[in-house]
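Whole structure, please, built from the sequences with the hints as guidance.
Chains as they are written, first to last, in the numbering used here: chain X, 1351 to 1659; chain C, -12 to 338; chain B, -6 to 299.
These are calculated hints, taken from the structure and not from any lab test. Note that beta-carbon positions come from the ideal geometry of N, C-alpha and C, so glycine has one too. The reader is advised that the hints may include incorrect statements.
Chain C is faced by these chain B residues, among others (derived, beta-carbon under 7 angstroms) [as the list claims (entries may be wrong)]:
no.	residue
1	F4
2	V7
3	N10
4	A262
Simulated pairs of lysine-lysine, DSS-like, Cα-Cα distance not exceeding 25 angstroms [said to hold, decoys possible]:
no.	chain 1	residue 1	chain 2	residue 2
5	C	K332	X	K1564
6	C	K191	C	K110
7	X	K1555	C	K118
8	B	K5	C	K273
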Amino acid sequence: MIKYILKRLMYILLALFVIVTATFFLMRLAPGSPFASERNFPPQIEEKLNETYGLNNPWYIQYKDYLIDTASFNFGESMKYKARSTNDMINESFPVSLTLGIEAMLLAVGFGVLIGVVSALYHNKWPDYLATSIAVLGISVPSFILAGLMQYFLAYKAGWFPVSGWKGFGYSVLPALAIAFSHMGFIAKLTRSSMLEQNNSDYVKMARAKGIGKWTVVFRHTLRNALLPVVTYLGPLTAGVVTGSFIVENIFAIPGLGKHFVQSITNRDYTVIMGTTVFYSIILLFAVLIVDILYSFIDPRIKLKGAKN
Amino acid sequence: MSKTILEVKDLKINFKTYAGLVHAVRGVNFDLKEGETLAIVGESGSGKSVTSNALMKLIPQPPGIYESGQILFNGRDLVPLSDKEMAKVRGNEIAMIFQDPMTSLNPTMKVGRQITEVILQHKKVSKAEAKKRAIELLTQVGIPFPEKRYNQYPHEFSGGMRQRVVIAIALAADPKLLIADEPTTALDVTIQAQILELMKEIQKSSKTSIIFITHDLGVVANVADRVAVMYAGQIVEYGTVNDIFYNPKHPYTWGLLGSMPDLDNNEDELLRTIPGSPPDLTNPPKGDAFAARNEFAMAIDYEQEPPMFQVSETHFAKTWLLHPDAPKIPLPDAVAKRIEGFVAKEAEFND
Amino acid sequence: MTQQPINKEMFKIVGGNHDATEKLADKSVSFWKEVFLRFSHNKMAIFGLITLIIIILMAIFVPMFSQYKYSDQLGVFNSPPSADFWFGTDDLGRDIFVRIWAGARISLFIGITAAVIDLVIGVLWGSISGLAGGRVDNIMMRIADVLTAVPYLLVVIVLLVVLQPGLFPMIIALSITGWINMARIVRGEVLSIKNQEYVLAARTLGASTWHLILKHLIPNALGAILVTMTLTIPSAIFTESFLSYLGLGVPAPHASWGTMASDGNKAIASYPWRLIFPAIFISLTIFAFNAVGDGLRDALDPKLRK
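Right, here's the structure in full:
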């Protein structure tokens, strides 16, 4: 196991290195300096700013500095909002996004599995058709579009939910739902086909041949095996929830990291963009690693590559 | 005279498919006594698997339909029973051994639990007692280090070992009838022999009746007391092992015997095969279903289905060749040779 | 069963008729025909296909023949759907109906082009990797592994920030990681075919590698390739809309469905139809491509072949 984790950590570092380097060089290619779009600075001040941000140094020195900074988790200062360090922004807003993200994931997995199981057990009857329609809807409508529509119909028009802001649990319902819905649909579809497949397998037939009741077979045998693919999906789910948060947080005016990220893009605030990108990458890469390890505990057949048994 | 525990009367089973109504089992009759082994032989599509699954009402309905007939187990007809009532019978009085040990065990559940599951379902015992019994069973089926194996997962067992586990599961609740659906087909020949030995031992010690489904006549000779030969959803010949091997009467049985590979074959003797393919059961042929592949078919075979003719007290065959007006066909050479071989081996064995 | 009277005549030996049985059993249909038959039984897939055909046709013809052009500013601002303007107008007085179909051209063009680029790169990478085998294969796949680990949306965003939003930067950004999946699938097909006995047989008969690729590899891999491509397009449409919401979409006066939705979202409280219509078409198109892709996948699935 240790060997496996070490191997994966190496891959993660490699991937991070690629991301950091790519981000750095891409930023350098970006036309103009981040200060150019704003008011015209007198040349001396611009000179001073350039120096402060080390923009006058040759590229390799900037790169070295950047690598060192990143490795020590120093994501620099926002270029737009002076005296605001990227680290502070992250510290402030990430917990909000984390809460929203976890809510969304619970919704997606909880309802997704429920719908999928119901669908499979009432195969080709009306619950199946209803559930499949909901799933298809989820998969087809992008989360950010759904967010806008939900905000309009359920909050603005119907008044059932607050339109925007983050002042309590009720404020998180619509955004979490918007983010979760498409993943819920995918998980439902996945669970359904997995359940159907397992239902037709020999060991389920054998379980019935043992005289075990229909529902007991489902919960004791079929479900456990059918959920394995869902566990595999948790990695992409995390990524999806992260990216889903960007626009949804914006639409619902939620003070999360996603909102800051989107703003930094609009502002071309390079340090924040780079810092947030690296931060997100770390989270996603570790999420995938954790899911893989989790999966190896759940499926006794899996021996992780590079692990000694 | 030992008790008859199973009587199947005129069982007919259909399947609704997109292609039409498939008549998979078309009027099957047989019985089984306590402690005996009945082998049901036939090729793919003969209806043997459907019959065996039907005995435990494991055919999914839809698309399966129990058209007519009775399955009398200890005098009680199983056909009208509900699923809930059947669940009390399955695993408990009738148990099944499936064909492919690689897929018939739950990959994420420990082997021990898969055995105790059966015990706890049908017997009022404590978990500890069930575990004890499970370990006994593992020993009985020949698995070494049973306490250790109890906590292992199926993928940690080889194919032959897995099949032994499957047998242990089948025996767990002391069933009166064991249905073995091609239990050795997926295994290597050497393992096959071991599993067959195991089953014979079990039968000797616990007097379980066994229905053994197979397409391999060699296996039949090894384990069976009586044999039913199935073709196109019907039993075409029925009798003791001796009846079938020394005095076969149906041309299909001749074909089966003639096509058995034999180590004593002459190198230049061609292996006889039965030409053609089984009929499409959405439209069962008029008359004798085997007619098209039967070199000895007569005009009447294409017109009317033959009844079961009685050859002896124990031996029956469903062919017009046994009608008094039919020509007397001598046994084909290949079959006669085969029988000579059997007789010789038997004599050797007895010396 | 009607019992005819039995007479001795009927007991003359006439023999078997087994050739007839063989003929009946061998009613084999050609592979693609069977695929087509199974596909056409899938109601959702057919519905998706018809939807796509309608959308594509409308995208081609509506902007050509509409009385309004997509960039015409007609002086009627933000009006709801009416007899004159079936989908209403936007804040510059442009007819949303014709803009939807002009936007369709752009969104579909982006999606399909990105998928094609993924196809080309993926097929090349996958077949070279699979055919070469050994170290080359190893290295190529390791690279792909590392690239997969990189959260691509983040890189895409950064890329677009740098390249300045536009039609072709958008297409490039979308194709950047999609090829990896295609490469993996193609490589899988190559590996499974490479070791098949008929390939070995063809080789011993002197067939060249090129011949093998054309005659064997591509037809067999075609199914999987087609499915992957069909399923890449809705993903591209989704991402394009996503990027538009971030302000990185194609610039005015061109409009993709993504940019229209993004604009519409800003004004949703007052003029909801500006979001609703692009939203409907984005969702419908994503659904249709997914339905067709799934239908193809099910139709090609060898496990289901009888």
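Hints, verified against the model:
1. The closest approach between the C-beta of B:F4 and any C-beta of chain C is roughly 5 angstroms, which is under the 7 angstroms cut-off, so the hint is satisfied.
2. Interface restraint check: B:V7 against chain C, minimum CB-CB distance 5 angstroms, threshold 7 angstroms, status holds.
3. A hinted interface residue such as B:N10 counts as satisfied when its beta carbon comes closer than 7 angstroms to some beta carbon of chain C; here the least separation is about 5 angstroms, so the hint holds.
4. Because the beta carbon of B:A262 sits about 51 angstroms from the nearest beta carbon in chain C, more than 7 angstroms, this interface hint is broken.
5. Of the pairs offered as hints, the one joining C:K332 and X:K1564 is violated, with about 50 angstroms between alpha carbons and a cut-off of 25 angstroms exceeded.
6. Of the supplied pair hints, the one linking C:K191 and C:K110 holds, its CA atoms being roughly 24 angstroms apart against a limit of 25 angstroms.
7. Taking the CA atoms of X:K1555 and C:K118, the gap is near 23 angstroms; set against the 25 angstroms cutoff, the hint holds.
8. The suggested pairing of B:K5 with C:K273 holds, with an alpha-carbon distance near 18 angstroms, which does not exceed 25 angstroms.
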